[in-house]
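Participant: Here's the letter readout for the chains.
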Amino acid sequence: MRLRAEYRVESNLKFLGNLDMMNLMTRALRRAAIPFALSEGFNPHVKLSMGTVLPVGVWGKKEYFDLELIQEMHPGDFIEKMNRVLPLGMEIQQCIKLDDKQDALMKIINAASYTFVLKPSDYDYSALPDRLMSQDKLLVKSRGKQKGIDKDLRPGIFKITVNYYEQSVMIGIWVNVGEPINVRYDELLDLLKDQGVKHEEVLDIFRSENFMRAGNVFYSPFEKVR
Amino acid sequence: MKDKIFRDILPNVSKPARYTGSEVNIICKDWDKCRTKMAFAFPDVYEVGMSHVGSKILYGLVNEKSDHLLERVYAPWPDMEKEMRSHEIPLFTLESFKAVNEFDVVGFTLQYELAITNVLNMLDMSDIPLWSKDRNEQYPLIIAGGPVVFNPEPYADFFDVFIVGDGEEVLLEFLDCCWENRHLKRQEQLLKLALLEGVYVPSLYSVYYNENGTFNKMIPLYESVPDTIKKRVVADLDDAYFPDKPVLPYMSIVHDRAVLEVMRGCQRGCRFCHAGVVYRPVRERSIKTLKKQASEQLASTGYDEIGLTSLSTLDYSGVDSLVKDLVKEYREQGTGVSLPSLRVDAFSIELANEVQKVRKTTLTLAPEAGTQRMRDIINKNVTEEQLLAAVKAAFQSGWLSIKLYFMDGLPGETEEDLEGILELLKKIRTMGDENARKKVEIRASIASFVPKAHTPFQWHAQNTIEELEEKRRVLSRNRMKRIKMSFHDSRTSYLEGVFSRGDRRLSSSIYLAWQKGSKFDGWSEYFNFSRWMEAFRESDIKPDFYTSRLRPYDEVLPWEFIDTGVSKAYLQDENEKAATGITTGDCRWDGCTGCGICPAFAIDLDIKEEFGG
Ligand code: SF4
Numbered sequence: 001m002r003l004r005a006e007y008r009v010e011s012n013l014k015f016l017g018n019l020d021m022m023n024l025m026t027r028a029l030r031r032a033a034i035p036f037a038l039s040e041g042f043n044p045h046v047k048l049s050m051g052t053v054l055p056v057g058v059w060g061k062k063e064y065f066d067l068e069l070i071q072e073m074h075p076g077d078f079i080e081k082m083n084r085v086l087p088l089g090m091e092i093q094q095c096i097k098l099d100d101k102q103d104a105l106m107k108i109i110n111a112a113s114y115t116f117v118l119k120p121s122d123y124d125y126s127a128l129p130d131r132l133m134s135q136d137k138l139l140v141k142s143r144g145k146q147k148g149i150d151k152d153l154r155p156g157i158f159k160i161t162v163n164y165y166e167q168s169v170m171i172g173i174w175v176n177v178g179e180p181i182n183v184r185y186d187e188l189l190d191l192l193k194d195q196g197v198k199h200e201e202v203l204d205i206f207r208s209e210n211f212m213r214a215g216n217v218f219y220s221p222f223e224k225v226r
Numbered sequence: 001m002k003d004k005i006f007r008d009i010l011p012n013v014s015k016p017a018r019y020t021g022s023e024v025n026i027i028c029k030d031w032d033k034c035r036t037k038m039a040f041a042f043p044d045v046y047e048v049g050m051s052h053v054g055s056k057i058l059y060g061l062v063n064e065k066s067d068h069l070l071e072r073v074y075a076p077w078p079d080m081e082k083e084m085r086s087h088e089i090p091l092f093t094l095e096s097f098k099a100v101n102e103f104d105v106v107g108f109t110l111q112y113e114l115a116i117t118n119v120l121n122m123l124d125m126s127d128i129p130l131w132s133k134d135r136n137e138q139y140p141l142i143i144a145g146g147p148v149v150f151n152p153e154p155y156a157d158f159f160d161v162f163i164v165g166d167g168e169e170v171l172l173e174f175l176d177c178c179w180e181n182r183h184l185k186r187q188e189q190l191l192k193l194a195l196l197e198g199v200y201v202p203s204l205y206s207v208y209y210n211e212n213g214t215f216n217k218m219i220p221l222y223e224s225v226p227d228t229i230k231k232r233v234v235a236d237l238d239d240a241y242f243p244d245k246p247v248l249p250y251m252s253i254v255h256d257r258a259v260l261e262v263m264r265g266c267q268r269g270c271r272f273c274h275a276g277v278v279y280r281p282v283r284e285r286s287i288k289t290l291k292k293q294a295s296e297q298l299a300s301t302g303y304d305e306i307g308l309t310s311l312s313t314l315d316y317s318g319v320d321s322l323v324k325d326l327v328k329e330y331r332e333q334g335t336g337v338s339l340p341s342l343r344v345d346a347f348s349i350e351l352a353n354e355v356q357k358v359r360k361t362t363l364t365l366a367p368e369a370g371t372q373r374m375r376d377i378i379n380k381n382v383t384e385e386q387l388l389a390a391v392k393a394a395f396q397s398g399w400l401s402i403k404l405y406f407m408d409g410l411p412g413e414t415e416e417d418l419e420g421i422l423e424l425l426k427k428i429r430t431m432g433d434e435n436a437r438k439k440v441e442i443r444a445s446i447a448s449f450v451p452k453a454h455t456p457f458q459w460h461a462q463n464t465i466e467e468l469e470e471k472r473r474v475l476s477r478n479r480m481k482r483i484k485m486s487f488h489d490s491r492t493s494y495l496e497g498v499f500s501r502g503d504r505r506l507s508s509s510i511y512l513a514w515q516k517g518s519k520f521d522g523w524s525e526y527f528n529f530s531r532w533m534e535a536f537r538e539s540d541i542k543p544d545f546y547t548s549r550l551r552p553y554d555e556v557l558p559w560e561f562i563d564t565g566v567s568k569a570y571l572q573d574e575n576e577k578a579a580t581g582i583t584t585g586d587c588r589w590d591g592c593t594g595c596g597i598c599p600a601f602a603i604d605l606d607i608k609e610e611f612g613g
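From first to last, the protein sequence lines are chains H and A.
Read in my numbering, the first sequence has 169 at position 169, and its numbers run on one by one without any break.
Read in my numbering, the second sequence has 59 at position 59, and its numbers run on one by one without any break.
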């Protein structure tokens with residue numbers, strides 16, 4: 001049996017690397033005595049597959065993993081047992097059963113949205129989406145695989161929103177993940193800085209969602225399953 | 001402060017998870033409701049400190065079993081230090097994010113001589129004066145424990161108090177005493193603390209030297225202050241506290257697993273071994289206790305590995321059934337058992353095979369020397385036949401790589417002994433070629449012998465750096481296929497040698513070395529030898545005085561006032577036997593060999609199980 005879970009990673013855990021997250025989750029599975037499946041052979045590992053890596057320094061509102069079990073377990077039961085042992089700052093929010101035909105997360109997640117929380121200032125953020133989206137190219141220095149070379153983010157950006165709140169301004173950016181262009185949050189930050197946003201004005205950054213995008217529609221990794 | 005650290009500092013440093021706290025099983029007590037507040041400071045980086053078993057014990061003990069409070073702090077890596085200093089963030093603990101100088105006591109554990117520069121750096125980052133004499137009761141008491149403090153003298157001027165021996169036996173008493181005397185002046189507090197057994201207050205003594213520079217005597221300044229400091233010893237480990245809920249780190253640490261301390265002490269009597277003397281006698285835990293601890297720890301951490309630790313785990317009387325039972329019990333869940341360095345015999349290999357069923361581990365053996373003559377000198381009671389039988393068994397049962405530990409620079413060492421190491425390595429390789437299904441890899445790690453206080457070899461001269469380098473050239477002159485040799489840095493060994501048998505006069509050199517930028521001296525990327533030599537020169541210290549001299553038996557040694565229980569006559573006798581190549585038995589099997597420790601503490605070897613291996 002397979003489960004897909006959606007969880008939240010708060011700010012106090014945002015500095016964990018990918019391996020740390022894996023360890024955190026498998027150790028929680030063990031503490032909660034979840035009947036997880038193990039791989040065969042030497043050095044058996046829990047059959048857990050995490051969605052796209054949450055970058056170090058960013059917290060996540062809706063992150064995902066798939067897990068294989070050797071026994072039936074009610075998703076509600078799973079949530080309860082896990083949340084009892086997860087550390088402060090991490091919580092399972094939803095869980096559903098997957099059938100065997102469902103593709104793995106890594107395969108289906110192809111988009112994500114990042115939110116930049118900014119200090120209100122004289123800067124006119126409301127003009128930002130149109131200004132950026134109307135460009136042909138949005139060049140930054142790559143921070144990914146080909147570090148330092150010019151990278152055009154424009155084809156990987158789908159949507160930009162700006163929302164004003166009393167204490168802050170939130171800029172949401174919907175981007176492509178994986179192929180053909182993987183847009184990183186730190187590249188987006190560079191882009192904002194190129195647009196005149198100051199470093200001190202950035203109060204917080206988080207990944208708000210992960211998506212399976214089909215054309216202009218952004219599905220959550222739960223939607224197509226249901 | 002916490003917000004500032006998370007927002008402005010952590011995004012800019014490597015491995016920020018070292019500094020975030022909030023781990024699973026962390027204990028954050030209510031500051032205002034606690035009595036003595038102690039910061040437990042480990043003078044190395046988080047992933048090293050978090051692996052240390054003694055720290056886990058003391059953390060749980062104080063926080064679970066008393067009204068005192070203990071919070072953790074590790075040495076910030078240099079990139080973090082830089083950020084902290086530039087943002088004026090003082091050193092803080094991971095539980096409350098309070099500055100270390102707000103605590104009543106700051107306790108360092110000294111696992112390694114050269115960690116002292118990190119101690120000074122951590123005090124400096126806490127805005128605490130480094131010299132004990134510059135601190136009054138407005139500052140925390142700065143204390144230290146751990147194996148290094150069996151010769152505390154080189155560090156005596158920096159610390160207010162040393163705690164000698166098994167920490168869990170004395171720490172609560174110590175913190176109680178701090179609480180009761182919290183309103184007193186520092187000097188009066190120290191006088192009270194000095195009355196506790198195992199507690200050494202260096203400022204309450206004056207030290208005299210002879211004209212030739214050797215140590216003369218040490219005299220207490222007050223009548224109530226004891227002449228000698230007797231180490232503290234846990235008599236029964238089954239009754240001693242051990243944490244069921246150790247703090248579970250988020251990042252990978254050096255020993256990332258549940259640990260069972262199966263016993264403390266070692267009865268083998270290797271003559272170079274410091275731990276072998278200072279942790280004597282052997283005290284074991286029962287299988288019943290250990291199994292319970294295993295199940296509690298796994299339940300509270302979710303680890304998938306249980307490590308059995310001690311100085312010589314394969315000697316534990318219950319090792320055979322404990323390992324087999326643990327493997328059987330947890331195998332289904334994919335949880336494995338790991339053994340540290342193995343004993344050199346076939347039984348050990350058989351057990352390693354048992355463990356290997358679940359998880360692959362490296363096979364590590366420590367013959368220490370290359371010839372029988374030298375193994376007899378150091379009292380490593382292992383024959384070549386035993387060693388070869390062990391590796392043969394290992395290769396036959398599928399191991400393809402073996403790691404071996406050797407030492408060079410041992411007393412009475414000749415060229416033959418060095419050649420012996422090479423010969424032995426080749427024989428082991430041949431054994432592999434004949435018995436393994438593929439080509440085998442052999443890795444040999446060669447450490448330089450450093451004479452240590454309280455051991456039978458404490459009187460010996462240490463090889464000079466030049467001698468060690470020459471030996472290294474001899475050992476590595478020909479490349480040997482599929483045998484990789486690695487050597488400890490001879491300059492590091494030299495400095496360890498200076499401090500392991502040093503005295504109080506070294507403190508100014510330590511201070512200068514730190515001032516010049518020494519820190520993380522145990523890390524080759526930060527170790528800087530010339531800085532140390534400058535520091536010695538500027539403080540008028542001739543470091544060779546501590547390393548290169550053959551000390552006569554009648555010389556008073558600066559660490560003699562620390563009473564480990566071992567008799568000087570025994571150490572001397574062992575040293576004489578070494579010179580003639582006579583071995584001494586193992587007091588677990590061959591009866592008491594008269595080291596004097598058991599009678600000194602009115603205890604006995606504590607063997608818990610019928611040996612079944
Ligand atoms: S006194 Fe005897 S039995 Fe006790 S540790 Fe020493 S040699 Fe072993």
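If you're looking for bench data, these hints aren't it; they were derived computationally from the structure.
Incorrect hints may appear among the rest.
Straight-line alpha carbon distances no greater than 25 Å define the calculated BS3-like cross-link-like pairs of lysine-lysine that follow [claimed, not checked]:
(1) K568/A / K230/A
(2) K245/A / K61/H
(3) K4/A / K193/H
(4) K245/A / K119/H
(5) K198/H / K2/A
(6) K119/H / K4/A
(7) K230/A / K81/H
Participant: Each of the hints needs a verdict: does it hold here or not?
Facilitator: Evaluated hints:
Between K568/A and K230/A, the direct Cα distance comes to roughly 15 Å. Compliance with the 25 Å bound is thereby established for this hinted pair. The hinted pair formed by K245/A and K61/H fails the criterion: a straight-line CA distance of about 29 Å is larger than 25 Å. With a C-alpha separation of about 21 Å, the suggested pairing of K4/A with K193/H holds against the 25 Å cut-off. Pair hint K245/A plus K119/H does not hold up; C-alpha atoms about 42 Å apart against a cutoff of 25 Å.
Note on K198/H and K2/A: the hinted pairing holds, with a Cα-Cα distance of about 23 Å set against a maximum of 25 Å. Restraint check for K119/H and K4/A: satisfied, since their Cα atoms lie roughly 16 Å apart, inside the 25 Å limit. The hinted pair formed by K230/A and K81/H fails the criterion: a straight-line CA distance of about 50 Å is larger than 25 Å.
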